[in-house]
Amino acid sequence: MHASTLLPDQRLRLERVTKRFSAHTAVDAVSLDLAEGEFFCLLGPSGCGKSTLLRMVAGFETPDSGTIRLGETDLTALPPHRRPVNMMFQSYALFPHMSVAANLAYGLKGLGLSRAQVAGRVKDLLRLVRLEGFEARRPDKLSGGQRQRVALARALAREPHLLLLDEPLGALDRALREETQGELRAIQQRLGTSFVVVTHDAEEAMALADRIGVMERGRLVQVGPARALYERPANRYVAGLLGDVNLIDGRLGRAEPGGIRSVETAFGLLRASGEGEAGNAVVIAIRPERLVVRGEGAMEGLSGLLTEATFLGDRIRYRVEMANGTSLRASAALPTPGPIPTVGETVTLGVPAEGAWILPA
Amino acid sequence: MSLFARSALTLALAFLYAPILVLVAYSFNDSKLVTVWGGFSTRWYGVLFRDGPLIAAALVSLKVAVLSASIAGVLGTLAALALDRHGRFWGRGAYTGLLYAPMVMPEVITGLSLLLLFVGIGLDRGIATLVIAHATFATGFVAVVVGARLKGLDRSLEEAAADLGAGPARVFFGITLPLIAPAVAAGFLLAFTLSLDDLVIASFVSGPGATTLPMRIYSQVRLGVNPEINAASTLLIAAVGVVVLGASWLTGRKGAIA
Amino acid sequence: MSGMPQRLGRGLVRGLPLLWLGLFFLVPFAVTLKISFSSPATAQPPYLPVLEWEGGLEGWREFFEALDFQNYQMIAADALYRDAALSSLGYAALATAILVGIGTPTAYAMARASARWQPILVALVIVPFWTSFLIRVYAWIAILKPEGLLNAALLKLGLIAAPLPILDSPFGVLIGLAYAYLPFMVLPLYAVMSRLDPALTEAAADLGASRARAFFTVTLPLSLPGLAAGALLCFIPMVGEFIIPDLLGGSDTLMLGRVLWSEFFSNRDWPLASAVAVLLLILVVGPVVLFREAELRREEAVEGPQR
Chain A
1 MHASTLLPDQ RLRLERVTKR FSAHTAVDAV SLDLAEGEFF CLLGPSGCGK
51 STLLRMVAGF ETPDSGTIRL GETDLTALPP HRRPVNMMFQ SYALFPHMSV
101 AANLAYGLKG LGLSRAQVAG RVKDLLRLVR LEGFEARRPD KLSGGQRQRV
151 ALARALAREP HLLLLDEPLG ALDRALREET QGELRAIQQR LGTSFVVVTH
201 DAEEAMALAD RIGVMERGRL VQVGPARALY ERPANRYVAG LLGDVNLIDG
251 RLGRAEPGGI RSVETAFGLL RASGEGEAGN AVVIAIRPER LVVRGEGAME
301 GLSGLLTEAT FLGDRIRYRV EMANGTSLRA SAALPTPGPI PTVGETVTLG
351 VPAEGAWILP A
Chain B
1 MSLFARSALT LALAFLYAPI LVLVAYSFND SKLVTVWGGF STRWYGVLFR
51 DGPLIAAALV SLKVAVLSAS IAGVLGTLAA LALDRHGRFW GRGAYTGLLY
101 APMVMPEVIT GLSLLLLFVG IGLDRGIATL VIAHATFATG FVAVVVGARL
151 KGLDRSLEEA AADLGAGPAR VFFGITLPLI APAVAAGFLL AFTLSLDDLV
201 IASFVSGPGA TTLPMRIYSQ VRLGVNPEIN AASTLLIAAV GVVVLGASWL
251 TGRKGAIA
Chain C
1 MSGMPQRLGR GLVRGLPLLW LGLFFLVPFA VTLKISFSSP ATAQPPYLPV
51 LEWEGGLEGW REFFEALDFQ NYQMIAADAL YRDAALSSLG YAALATAILV
101 GIGTPTAYAM ARASARWQPI LVALVIVPFW TSFLIRVYAW IAILKPEGLL
151 NAALLKLGLI AAPLPILDSP FGVLIGLAYA YLPFMVLPLY AVMSRLDPAL
201 TEAAADLGAS RARAFFTVTL PLSLPGLAAG ALLCFIPMVG EFIIPDLLGG
251 SDTLMLGRVL WSEFFSNRDW PLASAVAVLL LILVVGPVVL FREAELRREE
301 AVEGPQR
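Protein sequence lines, in the order shown, are assigned to chains A, B and C. Residue numbering for the first sequence follows this note's numbering, beginning at 1 and increasing consecutively. Residue numbering for the second sequence follows this note's numbering, beginning at 1 and increasing consecutively. Residue numbering for the third sequence follows this note's numbering, beginning at 1 and increasing consecutively.
Because the hints were derived from the structure by calculation, they are not lab data. All values derive from a computational prediction rather than experimental measurement. Glycine included, C-beta positions come from ideal geometry on N, C-alpha and C. Worth double-checking, as some hints may not be accurate.
Unchecked claim - Just a sample of chain B residues kept apart from chain C, beta carbon distances all over 12 angstroms, derived:
(1) Val47
(2) Phe49
(3) Pro53
(4) Ala56
(5) Leu59
(6) Arg92
(7) Pro106
(8) Leu157
(9) Ala185
(10) Pro208
To be verified - Listed next, the stretches of chain B that the computed footprint assigns to chain C, with coverage defined by at least 3 CB atoms under 8 angstroms from CB atoms of chain C:
(11) 14-26
(12) 80-86
(13) 212-222
(14) 235-244
Stated by the list, open to error - For the chain B half of the interface with chain A, some residues (derived, Cβ under 7 angstroms), not all of them:
(15) Gly126
(16) Asp154
(17) Ser156
(18) Glu159
(19) Leu164
(20) Ala166
Given only the sequences and the hints, what does the whole structure look like? Please build it.
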């Protein structure tokens with residue numbers, strides 16, 4: 001069904017793409033190479049430049065410098081209607097004065113298709129998003145989920161080499177969103193089209209993407225698969241964006257075998273994974289589920305006072321106050337082996353070196 | 001809602017409608033006198049339909065209204081597009097000023113100065129000068145109505161069309177224009193009624209052969225209450241009522257503003 | 001993205017209205033200004049000098065030498081014009097004050113009506129605005145004249161002993177102005193008031209404010225952009241109003257619109273009429289500028305800050 005998979009090299013390549021709005025640099029020298037058929041997520045809070053980057057790829061904004069290429073074609077100066085790239089809009093942008101079928105057929109004009117071919121294509125698209133029988137409906141007579149599917153189908157109508165999706169699930173409620181994530185992923189894999197999704201929701205990015213690109217104030221700060229970003233974040237911003245994290249300031253000490261370093265912290269000497277020059281100020285990032293909480297003296301570790309234990313069904317969340325007054329957060333999957341400590345008890349916190357990651361300060 | 005606000009609203013609406021109702025009622029009064037109810041009669045409508053000059057004036061007014069509203073519809077829509085789409089272009093402030101000033105400008109000034117221009121350039125006064133004058137002061141009204149609709153229009157609709165391969169012309173005629181059409185129609189109707197209604201400007205710029213309906217009515221009512229004019233007014237009010245209902249149906253259905 | 005055809009399109013979209021309004025709105029003002037310095041004449045056109053294009057540079061010099069300030073001197077010397085200007089401003093200001101008094105509670109009541117009623121009420125206010133201005137003003141003659149409906153009703157109720165001369169008096173003019181311009185006051189006010197969050201007055205009430213205090217300390221200050229826009233939208237055309245003083249004000253009512261009209265149509269003194277137009281323009285140009293500012297602020301109040 002899909003032509004783009006047959007063509008060689010239709011990969012998106014961004015080279016030092018920069019966009020300024022008066023004094024504000026929205027996108028700052030972003031370079032990125034997409035793999036063939038990749039599902040890529042641009043992740044970041046609102047205003048980080050991810051939507052501007054997407055709009056430059058679609059052609060709605062012109063970069064101040066840098067190039068945007070798709071395979072051998074330079075897209076940078078092409079107007080939107082001449083780009084072999086399509087976009088699904090956050091608001092869906094369904095034409096309110098046209099039926100579902102007319103919306104789907106809109107992009108098929110000018111491709112040299114016969115009337116029957118267009119009708120066939122519309123039918124295929126409706127089947128793809130499971131909306132058979134809705135062709136005559138107006139967009140305002142559809143539910144939110146149905147509108148989202150029409151928008152997706154319309155953007156796929158021209159068989160783009162690359163589909164851009166701006167917060168595609170943002171307008172859906174939580175239950176529907178999880179269901180739709182799976183669907184989106186399935187459609188992408190079936191078609192083999194490259195998807196670039198913009199989202200501010202880290203969980204969504206992790207659920208969808210082959211690779212995630214994290215943006216911070218116009219810059220692409222880290223690119224990689226979800227797990228790498230979660231476990232080996234490049235800086236404290238990425239660490240915090242992808243999930244809950246404890247950050248402990250310290251100074252880098254000597255190297256031990258196996259890439260383990262000792263770090264001097266307010267809690268004493270800790271062992272952590274990572275690199276750097278001895279004596280440098282660093283931050284240790286530890287995910288709550290990596291901290292092990294046990295009764296006092298049950299193992300080697302830091303001593304603290306358990307001030308909170310919150311039951312969350314599949315896990316329990318702890319807050320442990322340390323001697324210097326700061327708190328660390330820990331969590332344990334339920335059911336845990338051994339007894340659950342009670343609030344007010346002195347506990348021991350185990351800090352495994354492979355779960356503590358050294359970041360630049 | 002407080003009692004005070006509710007009674008204020010009721011009184012205001014009564015204030016707005018009482019004179020119109022009085023006028024309509026007296027158009028069916030057999031007697032020529034306001035204070036005397038001579039019984040229900042349609043005789044003034046009969047008189048009206050035999051009044052050749054009045055009917056001729058009505059035809060002139062209609063012709064002028066259609067032509068001037070068409071021009072104002074095009075110019076006002078273009079101006080609204082320029083203001084909404086061209087961002088902060090040079091001279092934008094002066095542009096909006098020029099567009100909106102004719103709306104509030106006292107009509108005697110607009111009328112006199114246009115007449116002086118027409119005389120200065122040697123343009124004969126008549127239908128053409130009436131059309132130009134009405135189109136000039138109605139353009140701003142159309143621009144306001146269309147501009148409000150454009151502002152409420154989701155820009156990503158046009159971007160989506162471009163994204164799906166439509167060039168600028170196809171985007172405009174296939175997406176933008178259909179979506180603002182109710183507002184353009186409402187603007188046209190507004191320009192139409194403004195033209196139909198105008199006395200002051202028309203009095204300055206019209207020539208001997210082109211007496212409009214308001215000019216004719218004015219020359220009659222200066223002499224006092226006139227039952228034939230009551231009848232003519234009732235018909236005009238009914239016509240406007242139909243137009244307004246049509247316009248609100250148009251705009252209400254498509255979600256534009258009135 | 002800005003190819004040649006696109007730039008041409010842009011130019012047309014922006015330039016066509018500009019060209020039209022420049023030619024038929026701005027240039028006429030310049031012509032009026034010029035003629036206000038000319039002298040009346042029994043000729044066609046009835047003023048002197050007329051610029052002779054064949055005269056060349058010498059013609060221009062003679063033309064400018066023939067211009068003078070005599071019309072303005074006449075306006076300054078004759079109390080008629082000063083009084084007309086002052087009373088135009090006075091009528092407009094007084095009628096605007098009355099409109100603020102009537103319009104504010106009306107718009108407030110509309111904004112507080114149920115969602116089902118609001119569009120109906122808006123339509124009810126708009127419909128008269130679409131109906132002929134001339135006819136609506138004319139309708140008042142039957143009500144206000146000595147043997148009219150109002151006097152008949154008052155006499156019948158025994159409130160007055162003899163008919164009140166309302167028609168052809170300043171009261172007639174004020175009633176007409178307030179009546180004809182009420183929609184212009186109510187609609188901008190309503191536009192702002194209807195967008196105010198009802199939670200604001202609820203919060204004020206929750207904090208102990210009476211309904212009146214909540215209105216005057218919360219609703220009214222937040223509605224000022226609409227109030228300013230509405231007041232100027234009424235005030236400016238009222239200063240130059242012609243139909244209302246002519247039909248309801250009697251021969252004694254002095255307003256600039258009428259003076260201009262009679263100089264032009266009765267006395268056929270085009271240069272003097274032009275000078276009166278310039279005077280009227282000077283009176284309203286300040287309010288027009290203020291109006292544009294108020295409109296911008298109102299749009300912001302209605303739509304929130306810039307997109």
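Each hint tested on the structure:
1. Val47: At roughly 17 angstroms from the nearest Cβ of chain C, valine 47(B) sits farther out than 12 angstroms, so the non-interface label holds.
2. Phe49: Answer for phenylalanine 49(B): holds, closest chain C Cβ roughly 18 angstroms.
3. Pro53: 17 angstroms, holds
4. Ala56: 18 angstroms, holds
5. Leu59: Given a closest Cβ separation of 17 angstroms, the condition holds.
6. Arg92: Given a closest Cβ separation of 10 angstroms, the condition is violated.
7. Pro106: At roughly 2 angstroms from the nearest Cβ of chain C, proline 106(B) sits no farther out than 12 angstroms, so the non-interface label is violated.
8. Leu157: The assertion about leucine 157(B) holds, with a minimum of 15 angstroms to chain C.
9. Ala185: 14 angstroms, holds
10. Pro208: 14 angstroms, holds
11. 14-26: n = 9 at 8 angstroms, threshold three: holds.
12. 80-86: holds (count 4)
13. 212-222: Coverage by chain C holds here, the residue count being 5 at a Cβ distance below 8 angstroms.
14. 235-244: holds (count 6)
15. Gly126: 41 angstroms, violated
16. Asp154: 6 angstroms, holds
17. Ser156: 4 angstroms, holds
18. Glu159: Since the shortest Cβ distance to chain A is 5 angstroms, the answer is holds.
19. Leu164: Holds, about 3 angstroms.
20. Ala166: For alanine 166(B), the interface hint holds, since the closest Cβ of chain A sits about 6 angstroms away, which is under 7 angstroms.
In summary, the numbered hints that this structure violates are 6, 7, 15.
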